[in-house]
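Numbered per the working numbering, the sequence shown spans residues 1 to 363.
Simulated from the structure, these hints should not be mistaken for laboratory data.
Don't take each hint at face value.
Said to hold, decoys possible - Here are the computed lysine to any residue pairs in the SDA-like style, where the Cα-Cα straight-line distance is at most 20 Å:
no.	residue 1	residue 2
1	K237	R72
2	K284	E318
3	K173	R240
4	K25	K279
5	K99	I110
6	K25	D230
7	K319	I304
8	K266	T167
9	K279	K242
10	K140	L224
11	K242	I70
As the list claims (entries may be wrong) - Computed Cβ-Cβ distance ranges for the label pairs, DEER-style:
no.	residue 1	residue 2	range
12	N125	D203	35 to 45 Å
13	N125	L354	45 to 55 Å
14	D94	G314	37 to 47 Å
15	D316	G258	20 to 30 Å
16	V330	A226	49 to 59 Å
17	Q225	K319	29 to 39 Å
18	I110	K352	39 to 49 Å
Where a beta carbon is used, it is the ideal one built from N, C-alpha and C, also for glycine.
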Amino acid sequence: MEWRYVDLKLEDPYTCMAVHEAVMKARGENLVPNTLIHEMYNCKCIFIGYNQIPLEDLRLDVCKALNIKIVRRITGGGAGYMDPKQLNYALVADERTPKVPMDVNLCYEIICRSVVTGLQYLGLNARYVPFSDVTVNDAKISGNCQTRCNGVVLQHGSILVNFDVNTMSKIIKDREEKLRARGVVSPEKKVTWICKELGREIDMESLKSSIKRGFENVFNIKLLQANLTDIELEYVKDLRKKYVSDEWVFGRPFVVPGANAYAIHKTSNGLIRVLARIKGNLIKDILVDGDFILRPDHAIYELIDNLQNVNIRGDDIEKLVEDFFTKKNVEVVGVKPKDFTTAIIKAIKYFKSLSPTCLALSK
């Protein structure tokens with residue numbers, strides 16, 4: 001079976017994200033074959049997940065001072081720093097393709113196993129760590145995110161080659177706290193990169209070749225190099241306008257006028273943040289964000305809508321959240337459905353802990 005291989009080489013990150021979505025759209029229209037993309041970014045940039053809010057997750061003043069571009073993905077997950085020294089990939093495939101499981105966790109595993117195999121060709125002790133990491137000697141070397149639309153899977157990820165861990169630590173808020181929640185004392189020990197593990201520099205073309213071989217081996221395919229089609233380039237031209245817009249990058253502010261309830265719930269694989277305004281016993285306004293992954297990605301907005309005017313007493317919230325994930329067939333990766341309930345209840349407990357005067361003002 002033959003798939004397409006596209007090498008974008010050194011390109012700006014906004015264009016690359018537009019390419020991923022454009023290829024996904026074209027694949028859904030059956031205009032192009034399954035495609036593996038390689039790319040490097042021509043600037044320092046920080047990627048944020050679909051459900052994140054830059055003001056809450058990034059130190060924007062540091063990003064500005066260091067001229068680091070902020071790029072929002074269409075996939076969920078957390079923030080990740082990139083620069084021109086790293087390699088990145090994207091796989092776009094019809095979800096009916098053999099070896100592309102419908103189950104999201106199994107799909108992560110087989111695609112990540114392609115990266116693992118490619119790194120093993122270099123002599124690295126790589127392995128897959130659920131749900132979306134590739135490690136070498138127990139330190140993360142590749143982070144991966146996934147989404148689906150119109151019967152097509154997109155998974156994109158990073159492969160750290162010669163990484164600047166200090167800059168990453170400066171621009172991502174609370175990164176040390178998140179790592180400690182996973183039992184990691186030192187951030188530097190959680191992340192590694194190819195040059196560090198090999199003890200030498202590596203030719204980028206050799207790395208690309210190894211990763212290609214990894215995908216060919218795992219999926220039993222032959223990758224043939226080709227360019228983007230004219231229709232894809234048209235899609236990219238249009239989609240890039242979205243990716244560079246402040247509306248897309250910064251999204252909704254994490255602001256609820258008159259908010260009186262707040263909570264952060266951290267798990268070993270993710271974080272959920274809740275901000276709400278409670279009046280009497282009803283949730284009148286609420287926002288939920290974090291580095292979790294939902295499928296479909298926009299499901300978080302429906303959950304937020306469902307929480308409006310819900311009574312904070314009794315089991316209403318627990319039942320609503322449980323029904324939302326089961327009856328709507330919403331898949332969640334990284335955290336669990338009950339973690340959303342826990343985060344909301346924590347915010348309610350914060351509200352109830354307020355002074356009698358504050359509580360009286362909320363009635």
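Can you give the numbers of the hints that this structure goes against, from lowest to highest?
-> Hints 3, 4, 8, 9, 10, 12, 16, 17 not satisfied by this model.
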